[in-house]
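Make one complex out of these two single chains by using the hints.
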Amino acid sequence: MHCLRDSSSYINSFFVIIFFSYIGPFQIVRDSKLLEDILSGNPLLRRKVFNFLYEHHIRFVFKLMSKYPILEQEECLDAYGEAILAFKRQVLEGKFRGKSKISTYLFRIFKNKCIDAIRKKTSKIEKEPMIIGGEESGLYGIADDEPEDKLEQQEEIEARNQQLQQKRQLLEQAMEGISEKCRKILLAKYQGQPYVEIAQQFQLKNSQSVRQTVHKCGKKLKEIIRMLLAEVSKREGQ
Amino acid sequence: MNYSSKAYFEKIDRYLNQQMGAEELEVFEAQLKSDPGLQEEVHLQQLARQAVQLYQDQVDLREWKEMGKQLLTSQPVSRGAFGMKASLRLVAELAFLLILWWPQQPQSCQNLQLAQKYYSGPDTAPLKNAQGPASPESVIEAARKLFRKGRYEDAIKQLLPLTQQQQPKITEAKYLLAHAYFAAEKYGQAASLFAQVSTAKDLRFSAKASNMQAISYLAGGDLSSLQELVNQWLQSPASPEYQLAKDIEKHLFLLCPESVPSASAIIKSVP
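Heads up: the protein sequence lines correspond to chains A and B, in order.
Residues in the first sequence are numbered consecutively from 1035, following our numbering.
Residues in the second sequence are numbered consecutively from 2, following our numbering.
Be aware that a few hints might be false.
Cβ pair distances, simulated, as ranges [said to hold, decoys possible]:
| # | chain 1 | residue 1 | chain 2 | residue 2 | range |
| --- | --- | --- | --- | --- | --- |
| 1 | B | G38 | A | K1097 | 46 to 56 Å |
| 2 | B | D248 | A | G1132 | 52 to 62 Å |
| 3 | A | T1138 | B | S225 | 48 to 58 Å |
| 4 | A | S1134 | B | N3 | 42 to 52 Å |
| 5 | B | P37 | A | S1134 | 43 to 53 Å |
| 6 | A | N1076 | B | A8 | 23 to 33 Å |
| 7 | B | G38 | A | R1269 | 16 to 26 Å |
| 8 | A | A1264 | B | S35 | 16 to 26 Å |
| 9 | B | Q32 | A | Q1246 | 22 to 32 Å |
| 10 | A | P1228 | B | Q32 | 25 to 35 Å |
Keep in mind that the hints were calculated from the coordinates and are not lab data.
Glycine included, every Cβ here is placed at the ideal spot set by N, Cα and C.
Next up, chain B with everything else stripped away, as it sits in the complex (with noise of 0.2 Å):
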């Protein structure tokens, strides 16, 4: 058999490369099994091929070598991607990181705080001039009593029928409603009585409503409506609310939805 053949030379090659397939690779194995002259060329293909790898490894020795020799020349301190070495180039990393975390982390939630700034509870000093049990003054007078005692649902029952009726005192009426919705946690409630009290004619409430109004929908964690409430007093520079509006824009990206303060912390605050 002429193992020296071209085609003997590729089949053995196949099978040191593991290219054959199940059924050349069974009969090829009999035949190098039984055949020592097929061993023989197979042992020698394989020292052939190692000492194209020998070869191989030199030339990449010499080439590394140059490459080495450049890079040593090219780059005398190089320490790595930074030009430092790895314990410095931490704490560089660490540091990058700090910086780019820094001005994005939010300081705590400031609901409460920006709340209790604005937060102005109702006038709830006793009448001197109550005319009747009937009368609105004195349903007035009593609801005060009872938010002053914190029976702030009950102060709402006396105060709800008043705000259904035309009469002089429905303002303040609604005012202080607001106030007793607000103070009960009713915030959505709150925020829309104290929308239609700071549209009012009386002055004496209408500026005070709509402050409350912002803080409803602050503490109520509707952040969305405040931040319309604030964009529409911002287009306004004159009037009462801007100066209140700049600073719960300076301080918008301070609140979060889901930071909702209780009434009573919001209210304790007031002396």
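Okay, chain A solo, but in the shape it has when bound (with noise of 0.2 Å):
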């Protein structure tokens, strides 16, 4: 017997269907378990996740490129390689609840990033207003009749970026002084790969080998940034 059953149940489970494929359950799922790999304690799962979210958002990139033609593919590609890294933070650091798309969240901090670039490009050719899409909009270039409380909070903001350049630098400089190997090895076990692995891939004899390697790397690593906080404050001394 074919039939049988009342047109509505269909009707039902056609709008039901509608329903869920226009707010996208699994996308929801998805993205819940995304965020309990990130979440998971495993560098290595994180790792994969952050470069499968790279890869399938790269749609914005195209998006933002046609919306922004000023920024170049270089550009913009930087700008969404850092909001992928922002965004990486926000969700670690626990800003990031899910409670909105992951696409959606990352779109937005895509395009602040392009509009910081933008703001930084145009600051380097023009101090004028630039007019995008024919309309005058202050954000991409410095105004010269912005209130003063506006521009001190700037001021706070720029000396509080200042600061924290100033740290990356430091610790960039401290990576550089140690060797590629301990780099790596150092690099290898922040990922969380297992102390087997690291041993195989720097041909190093054991575990212990490993941890004695890990130890001797950071011990270095810790005396230049020492060294290197020393003298940043003899600097700020004189």
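So, in structure tokens, the structure goes:
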């Protein structure tokens, strides 16, 4: 017997399918799974997730490249990479809890990064407000009539950014001070690779040798940081 | 205290990774509070971890950029899973679902239409040669009158004794009784009586009774018996019911067991 269902049940299931396909339940499930993997404490898994996110949302680059033709492909890719990194930090710091879709959130960060890139680029070229899409916008240029308190706020942010920049430079310098092998071993440990794997990869005897090398490299890195910090405080003292 | 030893390095690492047990953590934090040397060592190790993290970020950025370049060149017009904009994709998804849904969607249950199509009422025209008040002809005549007036239960009462005795008009009486049952919405009894009449030798009633048996199953929502009957008819293409069987089979997927048309709705269709 073929029939034999009331048509209303078909209509209901049809609308249920439409509804779910519209809100994307699979997207929600996948988002929660991705967040779970990121927060699992397994750096290898986390890395895989971010690689997946990067690849999966690469269409954003097309979208914003056509929206902001002023940005070159390289600049857009840089902004996109930074957006993924920023998203990573926000998830790990608990600022993103999955209330909105990852794609929406990521797109917003990426857009802001693109705007920052445009601002940097245009401020180098000209100090006048830029005109985008026929509308004058103070967002992308430096306006002369900004309120004073806004300027103070801006100065504070810039000072903080400068401090962070200095810290970044110091840490980058410290990393450059250790050998390539040390950098890679410390990175492998930071990524959560098992000692056995690290031993195989770097042709070390066993896990004990890996622990020894990690300690040696870590110690060296700390010494360099200590030295650089001392130099900075000496400079500031002068 | 030698804080740069391997043991301390690993201890601080455990502390920063929040891998210490409650007891060890308590002791360590107490020591950390009182020992500026340890504080400095923890701070330095924290910075070292941040340096590695930064290096990791740079490595990731480099790798991603390479990946991005490859993706951009390999998919110059990629716009998602189906190579379309989100809005177009939504339309495509809706169309796809519609295509999936459409063939399965039954039209409204056609039980009533089919029953109306094949219903044929009994001949209830007055008899000219009724013989005596107790003769079978006169009883059938009285039942026909009651049927015409819509008093089906009374017609059943009149006809029932007649169908239980052997007499020449028994097939006609059974046929009329079956119609009375059908009209009184006693489809099970109607179907069983129509089945009896359909095997009778009197062709005036047997051919119509076969159709009515099927209509009784249909009206009663007994689709499994209907299917059985149809299958039986389909086995003999020469039988008069073959065409009806084909028609019912064609409409079978449009019939619903829960959609039971009332007898009056079926009967009203007969002019």
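Evaluated hints:
no. : hint                           : verdict
1   : B:G38 <-> A:K1097: 46 to 56 Å  : 53 Å, holds
2   : B:D248 <-> A:G1132: 52 to 62 Å : 58 Å, holds
3   : A:T1138 <-> B:S225: 48 to 58 Å : 53 Å, holds
4   : A:S1134 <-> B:N3: 42 to 52 Å   : 50 Å, holds
5   : B:P37 <-> A:S1134: 43 to 53 Å  : 44 Å, holds
6   : A:N1076 <-> B:A8: 23 to 33 Å   : 26 Å, holds
7   : B:G38 <-> A:R1269: 16 to 26 Å  : 24 Å, holds
8   : A:A1264 <-> B:S35: 16 to 26 Å  : 24 Å, holds
9   : B:Q32 <-> A:Q1246: 22 to 32 Å  : 25 Å, holds
10  : A:P1228 <-> B:Q32: 25 to 35 Å  : 30 Å, holds
Violated hints: none; the structure is consistent with every hint.
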